[in-house]
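Protein chains: 2
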Amino acid sequence: MSASFRKLALIGIGLIGSSIALAARRHNLAETIAIATRKAETLEEARALDLGDIYTLDAAEAVKGADLVILCAPVGAYEQIMRTIAPALEPGAILSDVGSVKKHVVKVVTPYLPAGVTFIPGHPLAGTEHSGPSAGFAELFIGRWCVLTPAADVDPIQLEKLSAFWRAMGSQVEAMDAEHHDMVLAITSHIPHLVAYNIVGTVADLEADTKSEVIKFSASGFRDFTRIAASDPVMWRDVFLTNREAVLEMLGRFLEDLSVLQRAVRNGDGPALEALFTRTRAIRRSIISAGQETAAPDFGRPPQPAPAKPEEGAA
Amino acid sequence: MSASFRKLALIGIGLIGSSIALAARRHNLAETIAIATRKAETLEEARALDLGDIYTLDAAEAVKGADLVILCAPVGAYEQIMRTIAPALEPGAILSDVGSVKKHVVKVVTPYLPAGVTFIPGHPLAGTEHSGPSAGFAELFIGRWCVLTPAADVDPIQLEKLSAFWRAMGSQVEAMDAEHHDMVLAITSHIPHLVAYNIVGTVADLEADTKSEVIKFSASGFRDFTRIAASDPVMWRDVFLTNREAVLEMLGRFLEDLSVLQRAVRNGDGPALEALFTRTRAIRRSIISAGQETAAPDFGRPPQPAPAKPEEGAA
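If you're matching them up, the sequences are chains A and B in order.
If you're matching positions, the first sequence starts at 9 in my numbering and goes up one per residue.
If you're matching positions, the second sequence starts at 9 in my numbering and goes up one per residue.
Among these hints, one or two may not hold up.
Intra- or inter-copy, both count: the list cannot distinguish identical chains.
Unchecked claim - DSBU-like cross-link-like pairs, simulated, lysine-lysine; straight-line CA separation at most 35 angstroms:
| # | residue 1 | residue 2 |
| --- | --- | --- |
| 1 | Lys224 | Lys169 |
| 2 | Lys47 | Lys72 |
| 3 | Lys115 | Lys47 |
| 4 | Lys219 | Lys115 |
| 5 | Lys219 | Lys72 |
| 6 | Lys224 | Lys72 |
| 7 | Lys72 | Lys111 |
Hints in this document: simulated from the structure, not taken from any laboratory.
Given the sequences, and given the hints that come with them, work out the whole structure.
Shown next as structure tokens:
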């Protein structure tokens, strides 16, 4: 199969950018892959990992002649990037991104968009708690959704070209309105991250000896929150700065519900607690039957982790 | 090696009880295993799974002649169980439990304790989101902590006997004060569960079409909360009814911190957000270096789950 794009330019080469580079090469989706990033150190890391064909600190250089340009930097850097690359974007090119918020991205990118360039915002719902160029892997997008939020008047041929690119990397593609994306992601992703960061922060403030016990006994629930709260700080800062309205709306609902729950605990209202705890199981079942999760216990974690201090079994 | 106990009586046979039965048999820790439970249906399930040697609906019958009795029922049932079994407990026996709260357990059990019986409350920090006798497996306790909260004047020989029992099943044993246990577990386990139940409840209340999208796109963070929120509702109801003070104390801290975070989002305070999100990574690293978690991305989830609706890659 011949490559679908002549030149793919990735602006930013963290977990998502490096995974796109590896997947695009594996599936022969671009003849040339150009990588641009702001920091020389990151660029050298990408080069050492052999992620592309062209490496540059000049984003405008990278997009020259590219028929697919994907912004893979934190959303807060988009405006600066657009200022740099806009004059170099080629007519006929598709410009896309992988940011976790979409309404803000449309607002920031659109004013800089040259005529003849098709902007199709995107968001692959994939990731791990690791970041940087070495965190990427070609399989990251397999079985994951990629949400595209094109304008109503998007060129359908360009939209299909970009959709096919994501499908070839293993994703399922779904198109929706940018505003709707931001509301759905606020509750599925942004609030869970905010809450996880918050609880880990509460622990970080505990007295030293209690904290060390919390770490020791973290397997009882807490550690799952720490995984989420280990994600890239700059990326998440930008998410909360740029999806403020939807996050505050959903956080408001969450806090209202938590007040009711707090009162049920204070009043010792057993039936109310049991009712909620029963109702939530149905959501879990829906997620498993939607193929979004394994039913294996503990996320399929191995049942026998190595103990911190192995002791001889004695009885 | 000869069995350490003549007769082990398990009162309640859910995830933890059945795992103890399987592990005790595998490691030859008891000559006879007696299983008592309140529901005939559960008892028949335990029998079909061949979990023990004696099956009875009469807890008093099960504890007769037992030198180790472990309460494995929800904490809310302890008082009723103690009323039933107290007259049948044998002098010299160890009575223990696996409940997630300890101060309340001491308060409820102690008044019924016959002379000559050593009560050593216990809490294995192990579990999955599944419940019932068929959820158990012999490896559940390997590499996991078991916290014991004996009274200050406990017989050290009995304490060592029970500790050795848990070590033989693969656990690391730690003794601490019941009140301290409840505070540490409030933050490592009870608050994470409360918050997870709450956010899943918030989603359950969304309009139907948004809810189905939340389920579809749950891999972006939300689904990890649903695992925790799928745990046994009755057990968790009892946790919040019986560890109210510590839970409300820790929930108060959590909510204070969340108000600060909410304000940072509202004010668009990037530096404050980034500072918190950076600080929380250190806690994650501590947990990994304490051997309580794998550093593999995504809890070691397989990177290529089957897509819900497989599509042909096309480009």
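Numbers of unmet hints, in rising order: Of the numbered hints, 5, 6 do not hold.
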